[in-house]
Amino acid sequence: MLARVLLRTGVFLAGVFVASIVIFTVLRVLPGDPAQVALGVDATPEGLAQARAEFGTDRPLPTQYLSWAEGLLHGDFGRSYLSRSAIGPQIADRLQVTGWLVASSIVVALLLAVPLATFAAMWHRTGRGALLAGLSQVGVAVPAFIAGVLLVDLFAVRLRWLPSGGWVAPDKDPAGFIRRLILPVLSLGLIQGAVLSRYIRSAVLDVLDQDYLRTARAKGLRPYQAMVRHGLRNVGIPVVTVLGLQVASLLVSGIVVERVFVIPGLGSLLLDSVANRDLLVLQDVVMVLVFAVLTINFLVDVAYAALDPRLRRSS
Amino acid sequence: MTRRPSPGLIVGAVLVAGVVFTALLSFVWTPYDATEVQVADRLLSPGAHHWLGTDRLGRDVVSQLMVGSRTTLTVGLVASGIGAVLGTPIGVLASMGPRWLDRTVMLGNDLLLAFPGLLLAAMLAAVYGAGTGPAMVAIGLSTLPSFARLARAGTMQVVTTDYVRAALVAGRGSWWNARRHVWPNIAGLVTVQISLSFAIAVVAEAGLSYLGLGTAPPTPSWGRMLQDSQELISAAPLLVLWPAAAIALAVLGLNLLGDGLRDLFDPRLERR
Amino acid sequence: MTGAETMLRVEGLDVLGAGATLVRGMELALTAGERVALIGESGCGKSLSALALLGLLPEGLTASGSIRLVGVEHDLVGAGERQMSAIRGRRIAMVFQEPMTALNPTMRIGRQVAEAFRIHGRVRGRRAAQAAAIELLERVRLPEPGRIAGAYPHELSGGQRQRVVLAIALSNRPAVLVCDEPTTALDVTVQAQMLGLITDSVTETNAALLFITHDLAVAATACRRVLVMYGGRVVEAGPVRVVLSRPRHPYTLGLVAASDLEPLASRPGRRTRLTTIAGTVPAFGDRATGCAFRTRCPSASSVCETDPAWSQTGDRGVACWHPVRAASDD
Amino acid sequence: MSDPISATPVTRRTLGTLVIMSLTAAAAACDAGADPTTGRDSVNLGFLAEPENLDFTRTSGAAIPQVLLTNVYEGLVKLDDSGRIQPLLAESWTVSADRRTYDFQLHSNVTFSNGDPFTAETVKFSFERVKSDAWNVSVKKQMDILDHVEVVSPTQARVVLVRPSNEWLFDMTGRPGAMFTPGGIADLAGSPVGTGPYTVSRWTRGESIVLTRRAGYWATKPALSTVTFRYFKDLNAEDNALRTGAVDAIIGFGSPDVLPQLTADGFHVIEGKSNAEVVLAMNNAAGPLRDKRIRQAIRYAIDRAAVLQATAGGHGTLIGTMVPPTDPWYEDLTARYPTDPQKARTLLADAAPGGLTLRFRIPNLPYAQTAAQVVKSDLAKVGVDAKIEVLEFPARWLSEVFNKHDYDLSLIAHVEPRDLLKFGDPHYYWGYDNAEVRKLMAAADAGTLEEQTADLREAGRIVADDAACDWLYLMANLNVVRDGLNGVAVNSVGESFDVTTLTWR
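Protein chains in written order, with the working numbering: chain A, 1 to 315; chain B, 1 to 272; chain C, 1 to 330; chain D, 1 to 505.
Some hints here could point you the wrong way.
Covered stretches of chain B, as calculated for chain D (at least 3 residues, CB under 8 Å) [stated by the list, open to error]:
1) 28 to 37
2) 53 to 63
3) 119 to 130
4) 215 to 223
5) 230 to 238
Calculated cross-link-like contacts (lysine to aspartate or glutamate; reagent style EDC-like; alpha-carbon spacing at most 20 Å) [to be verified]:
6) K292/D x D406/D
7) K381/D x D41/B
8) K141/D x E128/D
9) K381/D x E36/B
10) K343/D x E331/D
11) K124/D x D144/D
12) K404/D x D433/D
13) K439/D x E458/D
14) K387/D x D33/B
15) K387/D x E36/B
16) K131/D x E150/D
17) K404/D x D33/A
18) K131/D x E121/D
19) K422/D x E458/D
20) K381/D x D263/B
21) K404/D x E436/D
22) K141/D x E46/A
23) K422/D x E331/D
24) K131/D x E46/A
25) K131/D x E167/D
26) K404/D x E46/A
27) K422/D x E167/D
28) K439/D x D465/D
29) K422/D x E389/D
30) K343/D x D465/D
31) K422/D x D408/D
32) K422/D x E400/D
In short, the hints are calculated from the structure, not lab data.
Treat the numbers as computed from the prediction; the structure is a model and nothing was measured.
By construction, the Cβ of each residue, glycine as well, lies at the ideal position given by its N, Cα and C atoms.
Sequences are here, hints too, so could you generate the full structure?
The following block contains the structure:
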């Protein structure tokens with residue numbers, strides 16, 4: 001177990017390192033000078049030189065990489081070339097927003113997917129099962145942002161039940177926070193729930209075929225009891241893997257959904273920094289997102305071992 | 001026993017065939033020129049002349065949907081093509097090559113997984129500017145790992161079988177083996193993956209166009225139609241609904257086709 | 001045989017599925033303490049019959065006929081899930097073939113055994129059930145039962161796991177124990193110990209045992225009576241020693257010849273020819289009417305295209321148009 | 001000014017008319033800016049395009065002065081709704097006979113939001129600071145003709161220019177005229193300190209800026225205590241926010257096609273003039289459009305009424321040159337190039353007999369993308385193939401088109417006041433170079449107001465005749481406002497959106 005975790009940690013750290021180099025390299029071939037972008041049209045050559053010195057973009061690339069990476073290690077994300085404000089606190093704010101969004105969506109997706117998939121699998125030869133499987137297929141086919149656009153039109157604009165978007169911090173206005181969270185979380189959670197339910201359904205079907213489930217029923221457990229007591233944990237093992245991938249894909253569909261619902265999360269920051277060519281912000285946001293995905297994969301690996309006793313003492 | 005195609009497979013195949021047919025038809029016939037602006041005819045409701053109405057520039061919606069299906073197919077084909085053409089050989093080589101190569105390739109693969117399509121697209125858009133090209137490359141790269149993984153697993157399965165071992169012992173090279181044994185074994189799975197990646201690409205293209213990082217006007221694309229008309233959702237909700245429905249049906253078709261084919265190719269996974 | 005109480009009576013049991021009859025007209029009666037073997041090649045319907053007894057047929061398969069179990073008012077055929085789950089594990093229990101997969105890999109052994117007690121309310125409370133489980137593990141002769149109770153299945157050998165499965169089956173002292181190839185997956189040395197354990201346990205609780213195997217030697221060791229199954233039908237039945245030493249059905253003869261049961265071969269000339277039985281067991285869907293074995297039978301004739309009737313003589317019976325002549329009877 | 005271009009259709013402020021002003025004053029006098037039924041004294045306003053930071057001395061962009069000027073920062077003078085210069089921190093001023101010396105009489109008892117007093121020293125500090133390295137955006141050039149500032153007394157400042165200029169005083173209504181205090185410039189990007197009635201109390205990046213009314217404002221205090229500027233990325237989200245009550249008004253409304261629904265739903269539309277000319281920019285300096293005949297053909301080919309209809313639902317004004325009707329030198333030149341595809345074809349047959357393909361590189365702004373597709377369709381009808389290429393705004397469009405001049409055709413709204421003058425700059429991105437025009441403009445700057453008007457009118461005519469660009473239309477200043485909210489400026493002529501006049505009634 002320990003050796004496995006150590007090995008995985010090593011792979012994870014190496015991944016983060018390589019990713020940082022890839023991100024830096026790709027984004028530094030950007031045509032266009034951050035100083036030029038920051039100063040706008042007809043900036044003076046002296047102004048540009050001054051800005052380049054201020055940003056440090058006049059230094060050789062390896063030096064720039066090292067100082068960037070060193071900053072990151074200390075939690076210093078640098079200052080935006082455009083807004084001149086520190087990027088770290090901004091990312092922290094945005095990360096919190098995106099964190100709420102993604103975490104709530106995962107919860108909704110699971111609440112939806114687990115029962116849906118379990119029933120769909122247990123009824124899989126019946127009409128009800130086919131209906132559930134069909135519903136999840138349709139759910140998968142509708143992109144989250146389209147769901148978002150339609151949900152806003154129905155629940156916010158036509159029915160006036162919920163706000164169309166925006167964001168308030170949970171500590172400032174808890175009710176407003178929840179009301180604003182509902183529609184974006186639904187548009188992400190419903191779709192991801194549909195995707196997840198298909199994986200869970202096939203994991204459940206796999207487990208249903210397993211001998212130990214027959215053993216459990218031979219003991220006298222009813223099918224549902226057998227599934228709950230003996231199946232779920234085993235279903236969990238493949239599902240955790242998928243869930244890891246889902247969180248990654250939620251982070252990404254979140255970008256589009258944040259745009260639909262005007263939510264100031266990491267996604268909006270990413271898109272703004274692309275449009276503005278706010279290079280360092282873009283670099284930092286991409287790094288944070290990639291780091292998040294890598295961390296999730298790493299945690300999934302560790303969780304895998306926790307769920308599956310076979311992996312614990314194997315090495 | 002002969003395996004019958006599942007209803008899902010049939011529905012999927014019909015939907016996909018419908019999109020392909022529409023795209024092909026649009027080369028020879030559309031009701032109107034899809035890009036011709038007729039300001040006098042703007043925002044018409046569905047009717048005898050314009051079956052699904054016109055948009056705010058007076059362009060015929062049916063014609064735009066038809067020509068838009070070409071964009072959808074192009075993006076899907078190129079993106080899943082990039083994934084398949086690069087990913088499959090990488091997976092095969094990794095599994096047939098030495099262990100260190102396999103390890104390295106798979107680590108690289110995992111790393112690529114950490115760069116989801118949209119993130120890659122945003123990075124490429126920042127570097128090369130937004131457009132269909134960078135979008136397709138980004139989506140393609142993001143589907144690559146799934147192909148590599150699949151090809152590797154499929155190859156492993158074959159390489160460890162006795163007949164391939166025998167062939168290796170008999171002095172046949174890896175290349176011969178790959179062609180003779182590996183490809184037939186993984187071809188079906190790769191086909192399935194192409195269908196599923198295609199669906200992912202269609203969704204991604206729509207999302208990118210929605211964000212303004214995808215297909216640029218005046219090329220009709222379903223994602224763009226959606227973005228163009230969404231501010232009119234209260235005035236002309238149908239204009240949003242048509243492209244949304246087109247995207248959803250195409251993705252549904254591709255997913256059903258992919259799942260159905262997988263059931264057909266791989267009886268172990270059959271679920272119906 | 002001695003007028004002991006009948007624990008299980010099966011009459012006219014059919015298993016139907018996908019438009020085919022997979023098990024046809026099975027008749028079986030088990031008395032307390034009786035040990036009966038059900039033999040045949042794989043695919044002949046042995047396991048399906050056993051699963052039908054517990055009401056655990058795979059989805060899409062249905063049973064008809066009658067299965068009566070001692071102490072149960074209703075027929076097990078057509079009983080609801082609620083009724084069946086109250087019976088399974090309590091009045092009729094089963095040991096499966098594959099010990100490697102029969103246990104939940106993510107649950108500790110002790111809990112899996114204890115659960116069997118708790119489901120039927122025989123032992124209440126987590127601690128009491130755990131203690132009972134350890135005691136039971138000891139009874140199936142597992143070393144260090146306390147340690148094993150805290151282990152996961154993957155930490156045990158195949159033989160140990162099969163003992164755990166047996167312990168689970170025995171936990172509620174069932175009236176009938178069904179063992180489906182319980183020793184097939186085990187090492188030869190472990191097989192004998194396991195067999196001994198099963199027979200001893202059954203003797204101890206005076207339960208009836210239905211022992212499914214394809215291994216004639218195992219059947220001969222463990223059981224008194226044997227049923228030979230082919231193509232979904234019981235083709236021959238009788239006391240083990242008699243049936244195996246003087247088979248009357250050509251299929252039984254073939255089985256015996258193909259096995260290593262040395263003294264039974266009365267016709268050395270035929271033995272060499274039938275060391276293996278030519279052909280393979282027909283697939284389920286392909287069974288038409290008539291004797292299922294006729295496609296592989298050396299003495300098949302046109303009459304074999306109709307179903308042979310069951311002819312019972314004394315304690316043995318056979319279903320064959322051309323039974324092997326008992327000329328060399330002792 | 002450095003940002004002739006706005007991401008938003010029209011997002012500039014105007015002051016209210018004198019009538020509205022006096023109403024506001026009366027309302028404020030009885031301290032009743034609040035909604036009489038709900039007691040509401042706050043308002044949420046919807047905008048597109050958020051400021052990147054709050055420092056317009058070092059960051060370009062129209063969004064910063066939009067929220068800060070007049071509301072947080074004040075200058076000596078301001079523009080009124082009809083585009084005339086009015087006093088603000090200066091009570092009055094006189095101009096010397098040689099038109100080089102301005103004597104400003106300042107209001108006394110003016111303080112900054114950090115408590116610092118406003119005096120003639122402040123004027124000297126602020127103006128000289130524009131000329132220093134502290135400012136690095138290009139509007140600082142407007143201060144180049146400043147010779148020096150003399151502190152005559154605490155309430156009297158004398159400004160001496162290098163040469164006479166009509167433009168200078170006008171420019172002082174914008175960013176370079178804003179007053180700063182030495183004690184309030186430590187964090188311009190995050191905490192601006194001005195003499196205005198509001199301070200920035202909260203800024204949620206990516207979402208909103210909250211202005212709070214401050215105590216101790218020198219003039220009549222505004223009616224509303226809290227004004228929130230909420231920023232949206234697209235028109236639909238903004239529209240939804242309005243309908244669901246998240247904002248009370250949208251300033252610079254961009255989807256005219258939904259106006260009928262909104263007016264039925266308890267909103268009213270305020271349609272005024274802006275100075276946002278939607279320009280079909282042509283590269284006069286390079287490529288095929290150096291040929292005046294081709295530029296003329298393009299002007300004849302385009303149906304501007306259709307462009308206006310398709311892009312803005314008809315809300316806007318057709319103009320024939322780079323002059324909005326609110327400028328004194330406006331003149332209706334729409335008849336100079338009527339839509340005449342046949343004439344366009346004839347001109348093209350001479351100038352480009354082999355057919356013509358143009359690179360039409362546009363910003364990814366909604367109105368630009370819509371208008372460009374109509375233009376493309378019109379040009380196709382006369383045999384010109386305009387290949388649309390969409391560039392993200394601002395970064396890529398600025399770098400490719402605006403800085404590198406790498407385009408044939410482009411399309412963007414120029415919102416800068418008096419931007420006709422850009423045709424006097426041969427290095428500007430459309431590369432128009434006409435000595436006569438430059439001469440007229442120089443004379444206009446130095447001459448009397450009458451001379452200025454006459455000279456610029458002439459320059460406008462020449463530019464139009466030369467087909468230096470095509471002026472598609474002048475955007476209407478469309479504000480959609482919840483019934484009950486009053487005091488929203490009708491026209492948009494300056495750089496700020498003035499919230500001091502808003503009241504609930």
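Straight-line alpha-carbon gap K381/D to E36/B, limit 20 Å: 10 Å, holds
Is the Cα-Cα distance between K131/D and E46/A 20 Å or less? 14 Å, holds
Does E36/B sit within 20 Å of K387/D, going by the straight-line distance between their CA atoms? 14 Å, holds
Take the C-alpha atoms of K141/D and E128/D, compute the straight-line distance between them, and say whether it is at most 20 Å. Satisfied, since the Cα-Cα distance of roughly 12 Å is no more than 20 Å.
Satisfaction of hint between E167/D and K422/D, Cα-Cα up to 20 Å: 13 Å, holds
Are at least 3 residues of the segment 215 to 223 of chain B within less than 8 Å of chain D when you compare beta carbons? With 3 residues close enough to chain D, the hint holds.
Coverage criterion applied to the segment 230 to 238 of chain B (partner chain D; beta-carbon cut 8 Å; 3 residues): holds (count 7)
K292/D and D406/D: Cα distance at most 20 Å? 19 Å, holds
K343/D and D465/D were given as a pair; does the straight-line alpha-carbon distance stay at or below 20 Å? 15 Å, holds
Does the structure keep K422/D and E389/D at a Cα separation of 20 Å or less? Status violated; Cα separation ~25 Å.
Holds or violated: K387/D and D33/B, Cα atoms, limit 20 Å. This hinted pair holds, its Cα atoms lying about 17 Å apart.
Check whether the Cα positions of K404/D and E436/D lie no farther apart than 20 Å. Violated - the C-alpha atoms of E436/D and K404/D are around 26 Å apart, more than 20 Å.
When each numbered hint is compared with the structure, violations occur for hints 10, 20, 21 and 29.
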